[in-house]
Amino acid sequence: MESGFRRDDAGELLPAHFITTVRISVAGRSVLEATMSPAVSQDPLLSFRFRGGNAGDRIRVAWIDNKGHQRADEAVIS
Amino acid sequence: VANPDRRRLLGIVPLLGAVSGLGLLRAGAAGTAARSLGEEEGHAAPETVPLGHRASDPRILLQVPESVEDGFFVPVTVESRIPETREILILVEENPVPLAVRFSIPAGTDPYVATRIKMARSGVVQAAVKAGGKLYSSFVETKITVGGCS
Chain A
1 MESGFRRDDA
11 GELLPAHFIT
21 TVRISVAGRS
31 VLEATMSPAV
41 SQDPLLSFRF
51 RGGNAGDRIR
61 VAWIDNKGHQ
71 RADEAVIS
Chain B
1001 VANPDRRRLL
1011 GIVPLLGAVS
1021 GLGLLRAGAA
1031 GTAARSLGEE
1041 EGHAAPETVP
1051 LGHRASDPRI
1061 LLQVPESVED
1071 GFFVPVTVES
1081 RIPETREILI
1091 LVEENPVPLA
1101 VRFSIPAGTD
1111 PYVATRIKMA
1121 RSGVVQAAVK
1131 AGGKLYSSFV
1141 ETKITVGGCS
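In order, the protein sequences belong to chains A and B. Just so we're aligned: 3 in the working numbering is position 3 of the first sequence, and the numbers increase by one with no gaps anywhere. Take the position in the second sequence, starting the count at 1, then add 1000; the result is the number in the working numbering.
In short, the hints are calculated from the structure, not lab data. Ideal placement from N, C-alpha and C gives every residue a C-beta, glycine not left out. One or more hints might be untrue.
Claimed, not checked - Pairwise CB distance ranges (calculated):
id, chain 1, residue 1, chain 2, residue 2, range
1, B, S1056, A, S47, 19 to 29 Å
2, A, E74, B, T1077, 38 to 48 Å
3, A, R29, B, E1084, 11 to 21 Å
4, B, A1107, A, V76, 32 to 42 Å
Stated by the list, open to error - Here are some, though not all, of the chain B residues that point toward chain A, as calculated from beta-carbon distances under 10 Å:
id, residue
5, F1073
6, L1099
7, I1117
8, M1119
9, I1144
10, G1148
What the hints assert, rightly or not - From chain B, some residues computed to sit far from chain A (all C-beta separations above 12 Å):
id, residue
11, G1052
12, R1054
13, D1057
14, P1058
15, E1066
16, E1079
17, A1100
18, V1113
19, T1115
20, R1116
21, S1122
22, A1131
23, K1134
24, L1135
25, K1143
26, C1149
Make a model of the complete structure from these sequences and hints.
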């Protein structure tokens, strides 16, 4: 990721590249949404707590970055 | 000459008034208002939070270490005991973009988040909580040995 405030060796600003939105859902229900700036650390180690999770429920984590790239991954609560 | 920051801020005022009905923008707000993430990214619903170190709301537990060596990794934990907490925001006034991250907390999710942010230099971390359409804040000062911006 790149904050957009760093410069390369030639003194040119490096273009920003960072995750802007993270959406987390469990069994299809939204449990957290985060809107992020470049001030979120590269490895942010995000923690939160939700109620009503059951074994077998699918957790889905989806993100979008400022260049429009996106990805979603899923895991099952065991 | 029109100051682009100020013009942008003025654009926010009517929306703020409509959404929250709060006197968020006080005198001199142009200098103290956080630039919103939505604006930076061209998304809808810009919003402004008053910055500046004030008395902390005791119902917002904000944990930041007293001193942090690496400004690229500043651990921040926020827990709100204010009923109907729907948003938790983490802000650093001294950063180039003060609003670091905004969390939407749906019903069923505890008003608790922990993450790591970057700080350019020593300063104040602010946790703002939106509950019942109002904003509440807590503040903690932290010392940064090596800044996390360059």
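Each hint, compared with the structure:
1. B:S1056 to A:S47: 19 to 29 Å: For S47 (chain A) against S1056 (chain B), whose Cβ atoms are near 22 Å apart, the range 19 to 29 Å holds.
2. A:E74 to B:T1077: 38 to 48 Å: violated (27 Å)
3. A:R29 to B:E1084: 11 to 21 Å: Taking Cβ atoms as reference, R29 (chain A) and E1084 (chain B) lie about 19 Å apart, which means the hint holds.
4. B:A1107 to A:V76: 32 to 42 Å: violated (24 Å)
5. F1073: At 5 Å from the nearest chain A Cβ, F1073 (chain B) passes the 10 Å test, so the hint holds.
6. L1099: Since chain A brings a Cβ to about 6 Å from L1099 (chain B), closer than 10 Å, the hint holds.
7. I1117: holds (5 Å)
8. M1119: Result: holds, 8 Å to nearest chain A Cβ.
9. I1144: violated (13 Å)
10. G1148: holds (8 Å)
11. G1052: holds (18 Å)
12. R1054: Answer for R1054 (chain B): holds, closest chain A Cβ roughly 21 Å.
13. D1057: holds (20 Å)
14. P1058: Per Cβ check, P1058 (chain B) is outside 12 Å of chain A; nearest 21 Å; holds.
15. E1066: holds (19 Å)
16. E1079: violated (10 Å)
17. A1100: violated (4 Å)
18. V1113: Non-interface label fails for V1113 (chain B): nearest chain A Cβ at 5 Å, not farther than 12 Å.
19. T1115: Given a closest Cβ separation of 5 Å, the condition is violated.
20. R1116: Nearest chain A Cβ is 4 Å from R1116 (chain B), so the label is violated.
21. S1122: holds (15 Å)
22. A1131: holds (16 Å)
23. K1134: Fine: 20 Å to the nearest Cβ keeps K1134 (chain B) off the interface.
24. L1135: holds (16 Å)
25. K1143: holds (17 Å)
26. C1149: violated (5 Å)
Violated hints for the displayed structure, listed by number in ascending order: 2, 4, 9, 16, 17, 18, 19, 20, 26.
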